[in-house]
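For reference, the chains in residue letters:
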Amino acid sequence: MSRTSRNFIIAYAVLVGLPIVGLVGILKSGRTLAAPISVDGVWKLQTDPVRLAALPCGKTLAISPEAALAISQSGRNFTLSLSDEPKSAASGVLDGTSLKASLVPSAPWSEEAGCGSGHEISLVATVDPKANPRSLEGTLSVDHCPPCAPVEFRAVRLATPVKKGSH
Amino acid sequence: MPDLFKLVLQISVILALCRIVGTIFRKIGQPRVVGEMFAGILLGPSLLGWVAPGVSAYLFPASSLGFLNALSQIGVVVFMFLVGLGINPQELKKHGHAAVLTSHVSITAPFVLAAFLALYLYPKLSDDSVAFTSFALFMGAAMSITAFPVLARILAERDLLGSRLGTVAIACAAVDDVTGWCILAYIVVLIRTAHSSTSIWVTIGGIVAFALIMIYGVRHLLRHYETVYRERGHLSENLLALMLLLVLVSALCTEWLGIHLLFGSFLMGAIMPKEQRFVRYVLDRFETITVTLLLPLFFAFTGLRTDIGLVKGQEMWMYCGLIILVATVGKLGGSMAASWLSGMPVREAAGLGTLMNTRGLMELVILNIGLDIKVISPALFSMMVLMALFTTFMTTPVLAVVCPDRFLREGPAKVPAQDAAIGTLASADKISA
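Taken in sequence, the protein lines are chains A and B.
So for the first sequence, the working numbering puts the first residue at -3; every next one is plus one.
So for the second sequence, the working numbering puts the first residue at 30; every next one is plus one.
Hints in this document: simulated from the structure, not taken from any laboratory.
A couple of the hints might just be wrong.
Said to hold, decoys possible - Here are the simulated lysine-lysine pairs, DSSO-like style, with alpha carbons at most 27 Å apart: (1) A:LYS24 with B:LYS403; (2) B:LYS403 with B:LYS153; (3) B:LYS153 with A:LYS96; (4) A:LYS96 with B:LYS341; (5) B:LYS153 with B:LYS341; (6) A:LYS126 with B:LYS403; (7) A:LYS126 with B:LYS153; (8) B:LYS403 with A:LYS40; (9) B:LYS153 with A:LYS24.
Using the sequences plus the hints, can you model the full thing?
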């Protein structure tokens, strides 16, 4: 074996082989890491629409029996929207199994539904990680409105189909 | 049924903005493709959706994006065929051990650093539906890719095609891309089989069998194309249509096997004959519509999925900065160190590292796959798009500093033009001009 070939093999082992060994170590140690619980996806919402509509701002949610809650998650942060209408969009934070989000109705709707005076709808919920499909239970309440009683809701995550050929 | 008025309006707006921003970027010495990538982001929630939400909702309602996506994906399928057509990993052999070492280090260094960064980012930007292994491997593959066509275009503009720097860069980028796509295929299989009843080994076996048939069977049949071209000086419309059909069938096979359409089209391009004039001829037939019409739609679709608003707060911007830093140190630093250790002068080695750090369109293609299979979150997608833009944008000015024309004129000798990956480089004129 020539000196050049030997040097090449040594350099290759150090610069390529060792990092690959390091990569294996990283992948092994990473398996013990815990990421935030997944809430990403579409959730079927169940609540009392009459009680909800009675809340100031409640009409903005326009929850029908078929209402769905779409959550787009990035780690602990998430954005949330109801059905596919841009009537209300929210951003929130996940802390363990607890979700907190504030829904700010968009301007035209907000006035129409009596949502002035800085009213926002707060969503507080807890995820049941053991349920299959995953479920959420919590309340929707109006900020700065002591007489308004929170409205309970439940949501079940719809199975996300395997998107074969969908991209 | 698509709303044709809306679809044509969308395409018109996208084309107009891409041309305008692309031209502005050309004026500041950047490849047009960087401007087009930027134009896509301007049309998305990061600018248009933020400044004029009403206009954005009218122009790009959620219900219309499926058609735009379908058109853009057709463009990317053809584009990946053209990229595969231009790639000739055999070039690496001409440059000996040094190029092999540089090429492999330029993959492993960013890959390992990205996996290391994944240890930090996984608990912050991912969720428990994604396995750490998939997350780390995806980050590695996304950071180790090089934008082959953009790199070739920059080399052409600097008259570096025939230089040692240029030929080594092209050869290394070819190997990087092939390796990156193989790793990505593995990740896609890993994730898709987790949701499917088919065993991962059946899927991998199918893919390996398909690749072997393509490489050892179909490739030999494709030589007839080159023979016909050599004899007649052109290919008939029927033969060109058949070529396109083969690309689509190959794409469908890889999609059916459980990876992705794009792997099939890339593989079909990679096994095509590599004779320089033949490659140029095929590129001329296919790239104009792809590059001027369909790829801008892909940039716009990517831009519509990129929401820089998700990168909010000091913490998120710090993650974004870390991603850019790790991507640059891994790719630029790794390639530079390996080529310098292999005997390349330090300035030339720095130039090679800078060129290898170009990610461009190839990165966007990979990131979109990652977002589709949900291995990365929307916020991480946006950060990685920013990283792709930043690393591509920095290439031209940094190259001018580390490898000024004066140095290149006095420094590294030119190698014979025959040694350059000419077919590929020629294609880059249009792909990223």
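Structure-based check of each hint:
{"no.": "1", "hint": "A:LYS24 with B:LYS403", "result": "22 Å, holds"}
{"no.": "2", "hint": "B:LYS403 with B:LYS153", "result": "15 Å, holds"}
{"no.": "3", "hint": "B:LYS153 with A:LYS96", "result": "17 Å, holds"}
{"no.": "4", "hint": "A:LYS96 with B:LYS341", "result": "17 Å, holds"}
{"no.": "5", "hint": "B:LYS153 with B:LYS341", "result": "14 Å, holds"}
{"no.": "6", "hint": "A:LYS126 with B:LYS403", "result": "21 Å, holds"}
{"no.": "7", "hint": "A:LYS126 with B:LYS153", "result": "22 Å, holds"}
{"no.": "8", "hint": "B:LYS403 with A:LYS40", "result": "21 Å, holds"}
{"no.": "9", "hint": "B:LYS153 with A:LYS24", "result": "19 Å, holds"}
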